[in-house]
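Assemble chain B with the ligands onto chain A, guided by the hints.
These are the residues of each chain, in order.
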Amino acid sequence: MLKVTVRNLVAHKVRLALTAFAVVLGVAFVAGTLVFTDTMSRQFDQLFSKTGKDVAVQVRPKKVVEAEEGAAAPTVPASLLPAIGRVPGVARVHGGVGGFAAVVGKNGKVVGGSGAPQLGVDWNPADKDFPMKAGRGPVGPGEVAIDDRTAAKSGLRVGDRTRIVVQGPPQTVTVVGIVDSGNLMGATITAFDQRTAQRLLLKPGRFSDITVAARKGVSETALRDRIQRVLPSSDYEAITGTKMRDENKSEVGRIMSFIRTFLLVFAVISIFVGAFIIFNTFSMLVAQRSRELALLRAVGASRRQVTRAVLGEAIGVGFVGSTVGLGAGVGLALLLRQLFNAIGAEFDGGLTFTYKPVLWSYAVGMVVTVVAAYFPARRAAKIPPVAAMRDDVAMPQRSLRIRVVIGSLVTAAGAVLAGLGLGGSGLAWLGIGLGLVFLGVAMLAPVIARPVVKVLGAAYPRVFRTPGRLAKQNALRNPRRTAATASALMIGLALVSGINVMSASAKASISRQVDKSFAADYIVSATARVFSPAEPAQAVRAVPGVEQVTALYSGRFTVGSKAETFAATERPDDLKRAARLSLVSGSAELGGDGLLVDEPTAASAHLQVGSTIGVRFPDGKTASVRVAGVYAKNPLVGSRVLALPAYLAHTDRPTGNGLMINVTKSDAATKRGIEKALSAYPDLKVQDQSDVKKSVQQGVDQFVTLLTVLLALSIVIAALGIINTLALSVIERTREIGLLRAIGTSRRQTRRMIRLESVLIALFGAVLGIGIGVVFGIGVQRAVSDQGVNVLSVPVPTLVGYVVLAAVIGVLAALWPAWRASRMDVLKAIAFE
Amino acid sequence: MTDIPSPVAGGPPGPVLAAPAARADRIVKEYGRGDTKVVALNEVSVDLPAGRFTAIMGPSGSGKSTLMHCMAALDSVDSGRVFIGDVDLTRLDDKRLTRLRRDRIGFVFQAFNLVPTLTALENITLPLDIAGRKPDQAWLDTVIDTIGLRDRLTHRPGELSGGQQQRVACARALVGRPEIIFADEPTGNLDSRSGTEVLSFLRNAVREMGQTVVMVTHDPVAAAYSDLVLFLADGRLVDEMSDPTAEKVLERMKGFELPGVGVR
Ligand SMILES: Nc1ncnc2c1ncn2[C@@H]1O[C@H](COP(=O)(O)OP(=O)(O)OP(=O)(O)O)[C@@H](O)[C@H]1O
Ligand SMILES: [Mg+2]
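If you're matching them up, the sequences are chains A and B in order.
Taking numbering that gives the first Met the number 0, the leading residue of the first sequence gets 0, the next gets one more, and so forth.
Taking numbering that gives the first Met the number 0, the leading residue of the second sequence gets 0, the next gets one more, and so forth.
Only chain A is shown next, with the shape it has when bound in the complex (with noise of 0.2 Å):
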């Protein structure tokens, strides 16, 4: 038998390299995925594993909450230090810092950001970590030294006078040394001397930790537990620099999980898709072959052997195609190097395998073939001997009736599960749910074939005459094989019209939220999220027409065990004006304990005027606030303003994320007033309502194409479906095609009747597609609409833009099997056997 599998390998070569094609795709975006994360993750190990080696101890604040992203992380005393170098085996003691810091560049921008951290920090001589490549480390306010790519980016060299972005005013300094850093990824790092990075990174006195190094012979473990002795409160907690090293790495590896993860779930996507077209081309190829098959079982064939060579075509199909998917991966993965490198990522050298990709590659490409043949294989052995002597051959096929029943119940459950994903049960139910439609649309697509199609090519009879009728009556042919190949497009179009769904949405929600709670005439913000308002609210203060000014701060604390983010500003009073906040009861009046909450924080925590409630702030103080006022639901707020002096009381450096500016007359000469007043800040940007509108908008747009560009490659794949379908069709109906090419259909009449065809099952698997998208769209808005996204709306121009793409991916699929039909040779299309 193995002889047969072989021979049929090599005689259907083309039709099974295009099945082939559908899984080396698949397989090219696991291993391109693998491989590209696989090289990211080492460059980040080698580059912490060069930071603080020397550490043996490192001694830090308790996190008791998680400051907000970007904002000063709590510190430690500068007081701690005398004690810890007293305890016996410390060898060197240093109190670090670190905090944000940009660099301005030659050309007065800001180098770096998008994603990447800015990081300013201390200078310590006897850090062996960086060398020093041009001149000397900073000694005093005024100097600084930065990382050689960051001197690279920024065109500064040693002697250059620059200005340091920091949260508070910017800094004019010199550039007194380059480092030797290596690699950052993108990161860039400014050292200022330790005095000047307390001051401006801190606070006086404070450090972000403090890092010992061992004398010879002394464990870190025995150090940590000594040091943990003289620590004075619980605030503080000493680790082993081991730990320390591997927290940073674990951190990094949590991102790049992520990043792998949500690349693996496009790569399943793309093989869930491929899934389809491998199954339906066993199909067919087995269906074609039924005689062939038939005359093995009637010469003593088993069924079992039947199975087995089929599968055996499977394997050879499943093996090539993940050779050549492993190798493509590769490509793929330089790629995707290149894709990070251009929006701000820094990676060099080589890619790094392991035998995991190869591993994967293999394993994801044979057993998804395997399983997807193994229907058509099954089906295959039924096939009873005596098909071998009859004319016309009918696979042996199951009742659409069960198919309806378990379609049904398939789709079902997959609603079900959906729904629970959506409803808080997780991401993965959401996914296995989804999954589960397609294959249960998929199952049921037979059966809406026949109307559908019938519906859709109504009109093709009348418009393309013979050759329209002709058309549309082959699809409608074998509805199972219409609905297998119309279904792998279809799961594209879903995810991409879906997602279109929700995106527009969000963007009508946002613009609706804006329209609103936007009162100011200008809003300021800061490229790295958040930035000390007061200097720059004071400098705008002075502007001609500006009439009130709102920094918002912003912070957090503890409630009970939750972590709560509140507002706080100099005069709540003021968010009447700028942010529409409207009070319920009480009054904006706060002193130096009060607390606005939104109607349903008091509703759900119980809370009402003159109620008190313990808080925990970042820095482990604990304080007891008093409710003053409830207003009602605020999104540009949020759901607590707390009294300015109790923020400022716990917080080194109090950071916010916005100006909120109104003016007496808003015109272009104001705004440029604004932006002159703010021109020492290169990181600040002034925004008025419309451009608030348009940058969130934009980040939305830009997710969106991320999306479409990695769910295209499902789109192509389904695209390769629908041209084997056709070819294996054309072959099916080579004695059909040559007798219409006998009576007199010419070249073009042949071509447009398979064209045609083409794109009716295109059409009929973007129906689907966007039909379930626009319900999974409708039910995502649903479910996220109390998290802000209220606004419905189905961005229908840009779903009939899906249905014309595919159409004309209809037209693509069948250039060649179209070509071939015309091409046929009449006369052995016509030839009796």
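Do not rely on the hints blindly, as some may be mistaken.
Only some residues are given here: those of chain A computed to face chain B with a beta carbon under 8 Å [what the hints assert, rightly or not]:
#1 5
#2 7
#3 462
#4 464
#5 465
#6 467
#7 472
#8 741
#9 822
#10 823
#11 825
#12 826
Source of the hints: derived by calculation from the structure; they are not laboratory data.
Bear in mind the structure is a predicted one, so any value in this text is a computation, not a measurement.
No residue lacks a Cβ here, since even glycine has one placed at the ideal position from N, Cα and C.
Coordinates of chain B with the ligands only, in the frame set by chain A:
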């Protein structure tokens, strides 16, 4: 299609008409090369008279199908010339050949004559539909009544018997009023009763409508329906017989089945 002489004008068969409907002039057709070379047609010249029912007979492999294919614009010849009316097929490109087949030639094959997705009626009018022509309703009715399948017009081929399918194929060949109809063993797959249906139909088309029909057959009884039998052997035209009867044809065939001559 004004250049097509109306086949209806034929009238009762008389002696050979002046202009043949199709003509082969010393055509040669070879397959393969070197050792495997087969000369399927060796300088064959034939005139297929208009308004007549011509049968082509001969042992298997004698080149009957090849001759038909070459004369019906389905295949090209290696040398010699083929005329349909006064058009030289050897000078036409694929596009013109396709159009010629569509407008001037009808076909009936041994099997697989019909498009399975179309109804009987749709199959009958298919050549006209492809050409974008409207069928002549009166003529269509005549043809349908002649095949006697008026009540089966909406059926698909799968729902018709073999004889009915072949009659539908004949109707399809007739409906465009082609100058000539070629049929390659149209009854080869049928039992004798269905075969008789088809043969009577073809003969009637010749007698009553003046149609020109050329048919390949192995069956002396089928050949007896024709006006003229051409005998092929080894790629050559070896004999012809007017007003054949089954007995005369059988007698003649026996002559070929002597040792040394291609035997079926
Ligand atoms: N495509 C081809 N390639 C090679 N040889 C061919 C081909 N078609 C026909 N032949 C050869 O040409 C010769 C004539 O074939 P043809 O089909 O015309 O015979 P026939 O008279 O129709 O036979 P039958 O009565 O069996 O149908 C045969 O020897 C055949 O083997
Ligand atoms: Mg033959």
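Sort out which numbered hints this structure fails and list those numbers smallest first.
Structure breaks hints 1, 2, 3, 6, 9 and 10.
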